[in-house]
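Visitor: One line per chain: the protein sequences are A and B, in this order. Start counting the first sequence at 1; every next residue gets the next number (the UniProt record's numbering). Start counting the second sequence at 1; every next residue gets the next number (the UniProt record's numbering).
Derived from the structure by calculation, the hints contain no laboratory data. All values reported here derive from a predicted model rather than from experimental measurement. Where hints are given, some of them may not hold.
Copies of the same chain look alike in the list, so a pair counts if it works inside one copy or between any two.
[What the hints assert, rightly or not] Each computed DSBU-like pair below joins lysine-lysine, with the alpha-carbon atoms no more than 35 Å apart:
no.	residue 1	residue 2
1	Lys-319	Lys-55
2	Lys-319	Lys-239
3	Lys-382	Lys-42
4	Lys-319	Lys-177
5	Lys-319	Lys-373
6	Lys-373	Lys-394
7	Lys-394	Lys-55
8	Lys-241	Lys-319
Next come the chains, spelled out residue by residue.
2 protein chains.
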Amino acid sequence: MTPSPTDSAQTDLAALLDREGAERELFDLLRIPSVSADPAYKADMTRAAEFLQRKLASLGFTARVDATAGHPLVYAERQNVPGQPTVLIYGHYDVQPEAPLEEWTTPPFEPTVRDGRIYARGSTDDKGQAYAHVRGVELLLSQGELPVNVKFLLEGEEEVGSPNLEPYLREHADELKADVIVISDGSRFAPDVPTVTYGLRGLSYVEIHVQGANRDLHSGSYGGAAPNPINALAEIIAKLKDDQGRVTIPGFYDGVEELTGEEREMWARLPHSDEEFAASIGVPALPGEAGYSTLERLWARPTLDVNGIWGGYQGEGSKTVIPARAGAKVSMRLVPGQDPERITRLIQEYVPTIAPAGVTAEVRAHHGGQPVKVDLDSPYVKAADRALTRVYGKPAAFGRTGGSIPIVAAFRSLLGAPVLLVDFGLNEDAPHSPNESFAVEDYHNGILTSAYLLQELAE
Amino acid sequence: MTPSPTDSAQTDLAALLDREGAERELFDLLRIPSVSADPAYKADMTRAAEFLQRKLASLGFTARVDATAGHPLVYAERQNVPGQPTVLIYGHYDVQPEAPLEEWTTPPFEPTVRDGRIYARGSTDDKGQAYAHVRGVELLLSQGELPVNVKFLLEGEEEVGSPNLEPYLREHADELKADVIVISDGSRFAPDVPTVTYGLRGLSYVEIHVQGANRDLHSGSYGGAAPNPINALAEIIAKLKDDQGRVTIPGFYDGVEELTGEEREMWARLPHSDEEFAASIGVPALPGEAGYSTLERLWARPTLDVNGIWGGYQGEGSKTVIPARAGAKVSMRLVPGQDPERITRLIQEYVPTIAPAGVTAEVRAHHGGQPVKVDLDSPYVKAADRALTRVYGKPAAFGRTGGSIPIVAAFRSLLGAPVLLVDFGLNEDAPHSPNESFAVEDYHNGILTSAYLLQELAE
Chain A
1 MTPSPTDSAQ
11 TDLAALLDRE
21 GAERELFDLL
31 RIPSVSADPA
41 YKADMTRAAE
51 FLQRKLASLG
61 FTARVDATAG
71 HPLVYAERQN
81 VPGQPTVLIY
91 GHYDVQPEAP
101 LEEWTTPPFE
111 PTVRDGRIYA
121 RGSTDDKGQA
131 YAHVRGVELL
141 LSQGELPVNV
151 KFLLEGEEEV
161 GSPNLEPYLR
171 EHADELKADV
181 IVISDGSRFA
191 PDVPTVTYGL
201 RGLSYVEIHV
211 QGANRDLHSG
221 SYGGAAPNPI
231 NALAEIIAKL
241 KDDQGRVTIP
251 GFYDGVEELT
261 GEEREMWARL
271 PHSDEEFAAS
281 IGVPALPGEA
291 GYSTLERLWA
301 RPTLDVNGIW
311 GGYQGEGSKT
321 VIPARAGAKV
331 SMRLVPGQDP
341 ERITRLIQEY
351 VPTIAPAGVT
361 AEVRAHHGGQ
371 PVKVDLDSPY
381 VKAADRALTR
391 VYGKPAAFGR
401 TGGSIPIVAA
411 FRSLLGAPVL
421 LVDFGLNEDA
431 PHSPNESFAV
441 EDYHNGILTS
451 AYLLQELAE
Chain B
1 MTPSPTDSAQ
11 TDLAALLDRE
21 GAERELFDLL
31 RIPSVSADPA
41 YKADMTRAAE
51 FLQRKLASLG
61 FTARVDATAG
71 HPLVYAERQN
81 VPGQPTVLIY
91 GHYDVQPEAP
101 LEEWTTPPFE
111 PTVRDGRIYA
121 RGSTDDKGQA
131 YAHVRGVELL
141 LSQGELPVNV
151 KFLLEGEEEV
161 GSPNLEPYLR
171 EHADELKADV
181 IVISDGSRFA
191 PDVPTVTYGL
201 RGLSYVEIHV
211 QGANRDLHSG
221 SYGGAAPNPI
231 NALAEIIAKL
241 KDDQGRVTIP
251 GFYDGVEELT
261 GEEREMWARL
271 PHSDEEFAAS
281 IGVPALPGEA
291 GYSTLERLWA
301 RPTLDVNGIW
311 GGYQGEGSKT
321 VIPARAGAKV
331 SMRLVPGQDP
341 ERITRLIQEY
351 VPTIAPAGVT
361 AEVRAHHGGQ
371 PVKVDLDSPY
381 VKAADRALTR
391 VYGKPAAFGR
401 TGGSIPIVAA
411 FRSLLGAPVL
421 LVDFGLNEDA
431 PHSPNESFAV
441 EDYHNGILTS
451 AYLLQELAE
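The whole structure should be built from the sequences, with the hints applied where relevant.
Guide: Pasting the structure below:
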């Protein structure tokens with residue numbers, strides 16, 4: 001019987017993995033100290049980009065290194081299956097600085113395997129995870145043509161805030177057109193939990209400024225009669241949440257997508273312990289919005305956190321001053337259904353109305369980011385589920401993440417395609433820290449996941 | 001008829017003033033740049049002390065310059081009238097630094113008269129006011145023996161916090177024994193209002209420290225689930241006062257001496273305008289404790305003001321951090337009936353009980369000071385009233401001050417005598433600022449007031 005595409009998609013690719021070759025190549029890439037933050041490594045940035053460009057070209061991709069105002073990025077495409085979906089794989093080849101060097105057990109740019117883990121800067125973030133996709137494509141190509149059209153976008157400035165990515169996306173929007181975008185640049189929920197991350201929170205970041213008197217006053221001569229902007233700021237901040245942990249800004253929750261029963265049940269089944277979570281950050285209790293579990297609070301509920309506060313005398317000893325002004329930085333994490341610009345406007349309108357008598361309060365907008373969610377019923381999510389099931393022998397968990405990944409929102413808005421976050425790493429990989437590592441098994445499972453995912457996306 | 005003591009006390013001393021001599025001598029003293037904060041002026045400090053010692057010796061006082069661990073102080077006494085009260089006059093010969101020099105119209109140590117005002121550093125604070133007492137004594141001596149025993153204590157470190165005064169008071173408590181202590185080192189209520197200040201607020205100064213997680217957390221990954229110590233601190237501060245502006249610490253108001261109807265009426269008659277007061281500090285309203293006027297809030301009611309606050313990110317731009325800790329400096333002005341140590345203990349007990357779940361809050365004691373009040377019916381207050389009436393042709397106003405003057409509480413507690421604050425200056429003298437000045441008339445009225453006060457205290 002001639003193998004049909006469906007049969008081919010069911011081939012067990014695990015047996016075909018070239019483990020030794022996949023590790024050797026990744027180690028070569030990890031040896032290039034492509035630290036984007038440090039100008040001393042400029043030449044290494046180019047070396048890393050060219051390494052990837054050559055590899056993808058050797059796999060039959062049209063591949064090039066594109067200059068930007070900063071570090072170059074690698075673009076490659078192989079579009080041999082018209083009518084099939086196009087998948088854009090995003091990753092980054094730049095890494096965090098290696099400091100503090102003395103805390104590394106083995107040198108950060110000499111990859112070393114200990115206890116089943118590859119120790120090297122960039123091993124998990126993001127060279128290891130990005131290269132798993134390169135090897136996943138190679139694995140499929142060893143069996144014939146790719147089942148979908150594939151594009152790679154591998155940038156060199158993720159660790160410095162991707163300052164040139166948005167302009168690039170705008171300029172190359174046509175070329176980068178895809179049906180779905182796949183990113184593997186984070187951590188799955190737990191070691192034995194294959195995970196699809198289908199949502200990110202958005203952000204509204206503002207500053208509150210409170211003005212009292214026209215100058216600093218002596219707290220003896222004026223205390224009791226003059227308005228105190230720090231007391232006033234504290235009052236304003238305290239009023240921004242009620243005793244149920246809910247944000248009090250009128251209209252704040254308007255349009256917020258409530259969790260479905262299915263999602264709540266799904267998350268309740270995840271291996272999570274409030275006790276362990278509290279212990280891991282050293283707190284005696286986990287306050288938060290009433291009526292929601294910790295994961296729900298983290299992934300699906302908006303927040304209001306003060307990120308910084310200042311006013312008056314902060315030095316040693318005492319100074320009896322009623323300062324003229326005080327301020328705070330406040331970030332609100334947003335969830336699907338909330339718009340950052342609208343939320344920013346709402347807090348700008350609300351704060352002056354709750355400022356105590358005698359002071360004036362003003363809210364200055366900083367920046368924002370859209371929340372992102374992929375429909376759980378979308379074929380892309382289901383394809384990822386099937387791929388992960390084939391690798392791990394169990395269905396995927398579907399979680400979200402509490403953070404905001406600006407590039408994801410940028411992809412979403414500039415390229416108009418859904419973004420699938422399929423992470424191969426783990427928190428214990430310690431990205432950004434000394435002794436960053438990536439489990440050898442996670443690397444190979446990443447290669448397999450990539451190959452199966454491309455197969456499943458073809459269905 | 002031989003003049004009796006009573007008759008002599010009724011002599012109009014104004015006609016006997018040696019205005020020219022009094023001004024010439026004060027100018028000589030003002031020319032000595034006795035800046036206690038600046039080691040460059042060390043020799044001038046000694047010169048100023050010796051100037052005063054020689055002058056008092058020339059008036060028949062036993063006078064000496066006493067070394068301390070810092071700048072010397074001048075002690076002098078003339079005790080020729082056994083059976084009569086002893087009056088200790090305190091003042092200071094050191095002055096504030098002159099900076100910013102470029103803002104002075106005429107040099108700070110070249111006293112210049114313009115528009116009836118003596119412009120010079122120290123003219124009002126406190127050389128001019130202290131020297132008025134020296135010349136007041138001289139005026140009386142020109143008519144015969146002093147009516148009371150007089151001691152002078154003129155220190156050289158008031159502008160640097162009087163670090164060596166308390167040890168000196170302890171060591172010389174017997175020698176400094178007095179029935180009443182007179183200090184002229186401040187401002188009277190208004191130009192046409194001769195004032196006796198009969199009360200000072202005390203102080204409890206503390207720091208609140210709030211601890212959240214064991215490290216700074218990412219507000220995306222943890223926001224909504226992890227406790228935020230800044231939000232918690234704001235909530236704690238907001239809870240320390242109710243919506244009537246009253247402090248909520250249990251027991252805070254226990255024992256507070258309520259104002260008498262007489263005091264309230266007396267203060268209500270003082271020339272004060274809330275509108276002008278608010279305008280002078282540039283605020284649209286004067287919040288404060290309900291049920292009390294502005295002067296009552298300033299002089300007779302305890303306060304709770306945050307003097308400094310900090311936590312998280314205070315730099316430019318944004319950082320999405322939930323910090324591990326936050327803190328604030330808090331001062332409470334206290335009134336008669338409140339004890340600083342007790343109040344400090346009360347807030348230390350209360351704050352942990354109102355800390356939101358998930359954080360721990362701790363209050364660290366800084367320092368405190370006792371509130372001071374002189375009985376309005378005391379013979380000393382009445383003597384001051386009569387003396388001021390003789391100078392200004394109208395009765396004195398009796399006010400208090402909102403600040404805490406640590407040396408007053410020290411005099412009170414270490415020497416056990418009541419302290420009379422009879423100020424000759426005005427706020428518009430701008431002590432501590434460039435172009436400090438003292439009205440020539442206020443100087444001569446100060447001399448007269450001093451002489452009359454010593455006469456009246458003999459009665």
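Visitor: Hint by hint, which ones does the structure fall short of?
Guide: Hints 1, 3 contradicted; others consistent.
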